[in-house]
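S.K.: If you want the building blocks of each chain, they are given just below.
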Amino acid sequence: MMSATPLLTGLTMVLLCLAFATVLLPLNRLPLAVRLLLIVVITLTVLLPLSEYPGWYYVRSIFGDSSITALFLYVALILQQNFSWQLYQENELVLLRRLVLAAALLLYPFALGVAQYDSYSLGYANPWLLTVLLILTLFCWYKKYYFLAVALTAGVTAWSLQLLESLNLWDYLIDPALLLIMILTWLRPSMKKIQPNL
Amino acid sequence: MKAIRPGVLLVIVAGFTLAISNLPAVQEPAFVIPAYRASSQDSEPMLETAFISGDLTREVHSATAIELNNGDIRVFWYGGKREGSKDTSIYSRVLNGADNSWSDIDEIMARQTVARDTHRYIRKLGNPVALVNGDELWLFFVSVSVGGWAGSSTNLSVSKDNGTTWGPVKRLISSPFMNISTLVKNAPLLTKNGDVILPAYHEFLGKFAELLQLDSTGNVLKKYRISHGRQAIQPDLLPVDTTHAIAFMRNTSAQRPGKLWFSRSQQQLADWTPLAALALPNPDAAVSAVQLNTPEELLLVFNNHPSERDDISMAYRSGNDTAWQLVHQFEKKTDTKKEHNPYSYPFLLQTREGNFHLFYTWKRKHIKHVYFNRAALLDMLPPAGPES
Chain A
1 MMSATPLLTG
11 LTMVLLCLAF
21 ATVLLPLNRL
31 PLAVRLLLIV
41 VITLTVLLPL
51 SEYPGWYYVR
61 SIFGDSSITA
71 LFLYVALILQ
81 QNFSWQLYQE
91 NELVLLRRLV
101 LAAALLLYPF
111 ALGVAQYDSY
121 SLGYANPWLL
131 TVLLILTLFC
141 WYKKYYFLAV
151 ALTAGVTAWS
161 LQLLESLNLW
171 DYLIDPALLL
181 IMILTWLRPS
191 MKKIQPNL
Chain B
1 MKAIRPGVLL
11 VIVAGFTLAI
21 SNLPAVQEPA
31 FVIPAYRASS
41 QDSEPMLETA
51 FISGDLTREV
61 HSATAIELNN
71 GDIRVFWYGG
81 KREGSKDTSI
91 YSRVLNGADN
101 SWSDIDEIMA
111 RQTVARDTHR
121 YIRKLGNPVA
131 LVNGDELWLF
141 FVSVSVGGWA
151 GSSTNLSVSK
161 DNGTTWGPVK
171 RLISSPFMNI
181 STLVKNAPLL
191 TKNGDVILPA
201 YHEFLGKFAE
211 LLQLDSTGNV
221 LKKYRISHGR
231 QAIQPDLLPV
241 DTTHAIAFMR
251 NTSAQRPGKL
261 WFSRSQQQLA
271 DWTPLAALAL
281 PNPDAAVSAV
291 QLNTPEELLL
301 VFNNHPSERD
311 DISMAYRSGN
321 DTAWQLVHQF
331 EKKTDTKKEH
341 NPYSYPFLLQ
351 TREGNFHLFY
361 TWKRKHIKHV
371 YFNRAALLDM
381 LPPAGPES
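Order-wise, the sequence lines are chains A and B. All residue numbers for the first sequence refer to our numbering, where the first residue is 1 and numbers rise by one. All residue numbers for the second sequence refer to our numbering, where the first residue is 1 and numbers rise by one.
Nothing false has been slipped in among the hints.
Ranges of calculated distance between the beta carbons of each label pair, as one might list FRET restraints: (1) B:P34 / A:V94: 52 to 60 Å; (2) B:W324 / A:L136: 51 to 59 Å; (3) B:V26 / A:L11: 30 to 38 Å; (4) B:Q268 / A:L7: 40 to 48 Å; (5) B:A277 / A:L24: 44 to 52 Å.
Bear in mind the hints are in silico, worked out from the structure with no lab data behind them. Everything numeric in this text was worked out from a predicted model, so none of it was measured. Each residue gets a CB set at the ideal place from its N, CA and C atoms; glycine is no exception.
Please take these sequences and the hints and turn them into a complete structure.
M.R.: Here it is as structure tokens:
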């Protein structure tokens, strides 16, 4: 019997895989029944043991844990693309993409040692990073980007409650899989556009 | 729908208020300075050698050791069919301090255990380093899921019975880039408030040395970068006072190869002097150092060649401004047989009684143990060596 935490972690890996399937495969062009069947198959494949370990062990060993922001996006993306439930506006996706790209440029080259400065260290109990995030979140709220505002707040709250293995705030906001999916949502013109009236 | 706007604002205020009120205060580390060993010159000089890794595995590598609270010496290494094969595990045995006998060899950490505890696929294990933290024995080691050693992450397991049994394995999260490429090789240090400073290094694309500050439960609180670029890995960290440290590092530079790297921390542990090349050679190989009667009086075990790991030698310096002197050679390749890096990864341990245990990889087939006491060291040192 799995304890609650591994099961939840496994489910986050299911969301990651479904998000990749959503942006890479033309799921939204398939009949609803086939779409649902595919989602069930992907979910079982990720959760059930493949040879030695459950499938999500392999996914997690490559990508690590998903950030909280990413999980919000994956849920919204899966629902919006496959079931036309719109949780975010097109503008929010564009802003999130820009923010993720900017954060990735700020983080990853330094994490790989390009300079003595290490921007990842800003994520350890740094009041300035929290302040910047608060301003950004209030800006989203002001612009009525409620999905983004709630996603950022959820990331910050999860960090203060130490819900992931990391104590670094960056790990609650961004991860390489999120960056990849953001790039894929930009490259894939076949993704369903969101209704502009929301 | 009108309720959404104030509702979202309420969520934002609540979330950020919680985060600000929970903002942890990370203290600047203050090292626990080890008591420098009193020389015991009563005994006769003694130097003994033995192969200690048995024949459980075809290859062995990267031995480290720790003196337990009861005076026993526990040694760790990893072994398998090959250095990078899928069957590598962490092995350990104990040298009994009372009767000088070795325990049986135990496989203390297998990849299946690490996979079960960390909920990740694990392909191989390596580089164990240990720390006595109060009544607990902490074991750090690296694991790889995909690719080579550059894809390593660092793990921690804690034993409450001096290493007989081990608690659940915890994954250290130390990099935003898929948490890959944080490796360990040399011994951690304790700080006065119970935090641990773990020397670490990165070798995916960049090759650089870092320090991880961990709390008493093994969470990464902060990181400090010693170097950057593709210059140096495997820092060996020695405290010179409560707030300053020095580090010797393996030279991985393509532009300035062949010399051992050195750096010294400045006002804070985040500030380090630029890498300085010592007069000692370094063939892109690990080194290990200990402090003698003062923080700057050092013994350092290394490969005394700019490009080959054909020997294991020991150098001594009496103080910060004095030159290094070669004082002993433990191994020297004499045959002409083509062997790649026969002697490597030294780890030098000084006991509380002031004696020494050296472990190193011998032709990848054995872990060799050299024991020498303080009297033997005094015989090796130049006449103006350490005073008693």
